[in-house]
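A.B. asks: For the sequence shown, this note's numbering assigns the number 36 to the initial residue and increments by one for each residue that follows.
I should point out that these hints are in silico values taken from the structure, not numbers from a laboratory.
Any given hint could turn out to be false.
Claimed, not checked - Mimicking DSS-like on lysine-lysine, the simulated pairs with C-alpha atoms at most 25 Å apart in a straight line are:
1. Lys154 to Lys116
2. Lys154 to Lys118
3. Lys154 to Lys40
4. Lys116 to Lys40
5. Lys40 to Lys118
Unchecked claim - FRET-style restraints, in silico, Cβ to Cβ:
6. Ile122 to Ile83: 40 to 46 Å
7. Ile68 to Phe133: 38 to 44 Å
8. Thr139 to Gly89: 26 to 32 Å
Using N, Cα and C, we set each Cβ at its ideal position, and we do this for glycine too.
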Amino acid sequence: METHKRILGILFVITGAFQLIILTILSIFFSTIFSFALSQVDGDERMITETILGIVRFIPMFIIIFISIPSLIAGAGLLSKQKWAMILALIIGCLKLFSFPVGTALGIYTIWVYAEDQKQLNPS
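Kindly produce the complete structure, drawing on both the sequences and the hints.
C.D. replies: As structure tokens, this is what we get:
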């Protein structure tokens, strides 16, 4: 079971880092696109565009703060064999279930590793 926890930790670090990089690039890209769009509009259109820009900037940062960074923390915790890491990994794995296909596979694997770990800790 320790091997599965190690693999899970590595996967969480890789997916968390990958999400962090991709979402940062997307955020910069959309900010650049919207800054050019803002220079082309005026009046009420400008206010609407600024509102949309605020929302578009918020979504990647929300995902980074609530999924990517905790994923990195859970992966590091699993690799250093911390007790709390498996519970954090389970929570993040459940959130990743909605990210098809890699997140779904990682979420299912996380749930399986957690269930097997609990079976070994508390045999019936």
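A.B. asks: Hint by hint, say whether it matches the structure.
C.D. replies: Quick rundown of the hints versus the structure:
no., hint, result
1, Lys154 to Lys116, "holds, 18 Å"
2, Lys154 to Lys118, "holds, 16 Å"
3, Lys154 to Lys40, "holds, 14 Å"
4, Lys116 to Lys40, "holds, 8 Å"
5, Lys40 to Lys118, "holds, 11 Å"
6, Ile122 to Ile83: 40 to 46 Å, "holds, 43 Å"
7, Ile68 to Phe133: 38 to 44 Å, "violated, 26 Å"
8, Thr139 to Gly89: 26 to 32 Å, "holds, 30 Å"
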